[in-house]
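A.B. asks: Sequence:
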Amino acid sequence: MPPCVPHQIDFIEEPQSFDYSEFFNKYLLTNSPCLFSAKFTQHWGSRKTWVTEENKPNWDHLLENFGNAIVPVANCNVKEYNSNPKEQIPLRDFISYWRDYAEHNCCSPRGCLYLKDWHMRREFPEQNVYETPEYFASDWLNEYWDAIDGDDYRFVYMGPKGSWTPFHADVFRSYSWSANVCGRKKWLLFPPGQEEHLRDSHGNLPYDVTSAGLRDPIQYPHLSQCCRPSEVIQEAGQVIFIPSGWHHQVYNLEDTISINHNWINGCNVSAMWNFLQAELFSVQKEIGEWRETMDDWHLHCQVIMKSCTGIDYKEFYTFLRIIAESRLRALDSLTEGTVSGTCATNMAVTHPKGRPHTVFDLKTVADVLSLLISNPDFQNLDQASLSPRPCALLQRLETVLTQNSQKIL
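If you read the sequence shown in our numbering, its first letter stands for residue 103, the second for the next number, and so on.
Warning: the hint list may mix true and false statements.
What the hints assert, rightly or not - In silico EDC-like links for lysine to aspartate or glutamate, alpha-carbon gap of 16 Å or less:
no. : residue 1 : residue 2
1   : 455       : 434
2   : 416       : 484
3   : 218       : 298
4   : 408       : 381
5   : 408       : 388
6   : 158       : 388
7   : 141       : 337
8   : 141       : 272
9   : 408       : 479
Unchecked claim - Beta-carbon label-pair distances, calculated as ranges:
no. : residue 1 : residue 2 : range
10  : 384       : 250       : 38 to 46 Å
11  : 224       : 305       : 35 to 43 Å
12  : 388       : 141       : 47 to 55 Å
13  : 410       : 326       : 17 to 25 Å
14  : 475       : 335       : 43 to 51 Å
Calculated directly from the structure, the hints in this document are not laboratory data. No residue lacks a Cβ here, since even glycine has one placed at the ideal position from N, Cα and C.
Using the sequences provided together with the hints, build the complete structure.
C.D. replies: Set out below in structure tokens:
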């Protein structure tokens with residue numbers, strides 16, 4: 103790869119001198135990564151009870167409190183569709199494997215297993231494990247799933263030394279934050295767009311960006327145009343912020359436990375919308391030859407897209423509606439002065455639940471909802487089941503935003 107300078111990753115040391123407004127303007131709006139010191143998580147329950155005095159995973163505590171939980175475990179030694187196959191096993195079985203793996207110098211006939219995407223918080227809400235840092239509190243994705251009593255995107259990861267996650271970008275092009283309860287990780291980060299230079303001659307992204315096979319100029323003809331990734335070593339207790347569309351590959355350098363959230367808010371919901379449009383276009387291209395002969399072709403495209411991505415255009419509208427209605431209720435309950443969306447964007451967002459942030463959220467929902475309503479593929483869908491109708495919701499949002507642009511906070 104060429105010797106161009108990787109993206110600078112800022113390190114945030116002191117919680118007392120770093121407020122939400124600075125994070126919002128410097129990292130959310132600019133879509134830039136950063137790393138928070140261990141001081142931001144030092145009060146977490148998991149950092150006291152999940153870790154031994156030697157800063158190793160406290161397997162006995164985990165067994166006592168969660169041993170019977172069924173957890174998803176991936177095999178890092180097996181490639182399946184540019185990912186790793188998973189199985190569901192009791193946590194006690196995984197910890198038994200992990201202990202044996204560590205005792206045998208990181209070697210096992212079962213391969214290198216990695217507990218991934220465990221919805222621990224959903225299954226054990228009573229456990230005092232962690233608190234979401236204020237900087238990540240504006241989380242539309244998990245707010246939506248909580249509102250409909252569905253899935254969530256809050257996870258625990260546990261992996262032995264040598265476990266890793268292949269090259270990818272996060273679901274829906276969401277943000278993610280990841281905190282090491284114990285252990286160390288190495289992150290390779292690529293800014294949005296750089297992944298295009300890593301595609302092979304068939305247009306596929308690599309499974310492993312460190313593979314020697316990428317040096318083949320015939321198989322990877324555009325690699326020479328790709329800048330070197332930013333490399334980040336994340337220590338125990340530290341929290342990394344991964345922005346939208348940043349492809350990455352991650353290694354556990356030691357036995358590691360981490361807590362991860364995927365999240366979307368007013369700063370990156372447009373990236374989610376762009377991602378969904380690109381996904382639908384790919385589906386339409388794949389089954390385009392049946393467009394004229396297949397009944398409800400547009401609906402079939404939506405079904406296929408949802409099976410691949412987890413959401414379709416109608417559910418995206420429901421997602422926007424639930425966030426909009428929540429913010430409208432919040433706005434009614436707030437008694438501060440009003441503020442324009444422009445002011446909120448530029449300087450006035452000081453707290454994720456304050457009035458400026460609420461207005462900013464409503465303005466962003468209105469902007470993306472307007473794009474959705476004008477989208478031909480959305481217009482081709484039967485919207486009779488959507489309540490309120492999208493145009494009626496947009497009109498209500500525009501009225502409220504006009505009313506709240508008369509004064510400056």
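A.B. asks: Against this structure, judge whether each hint is valid.
C.D. replies: Tested hints:
1. 455 / 434: Holds, at about 13 Å.
2. 416 / 484: Judged against 16 Å, a Cα distance of about 9 Å means the pair holds.
3. 218 / 298: violated (27 Å)
4. 408 / 381: holds (10 Å)
5. 408 / 388: Answer holds: residue 408 to residue 388 is near 15 Å, not above 16 Å.
6. 158 / 388: violated (48 Å)
7. 141 / 337: holds (12 Å)
8. 141 / 272: Given that 16 Å is the threshold and the Cα spacing comes to 26 Å, the pair is violated.
9. 408 / 479: Holds: residue 408 and residue 479 sit about 14 Å apart, inside 16 Å.
10. 384 / 250: 38 to 46 Å: Given about 27 Å between the Cβ atoms, the range is violated.
11. 224 / 305: 35 to 43 Å: With Cβ atoms ~36 Å apart, the hint holds.
12. 388 / 141: 47 to 55 Å: holds (49 Å)
13. 410 / 326: 17 to 25 Å: Cβ of residue 410 to Cβ of residue 326: about 31 Å, so the range 17 to 25 Å is violated.
14. 475 / 335: 43 to 51 Å: holds (46 Å)
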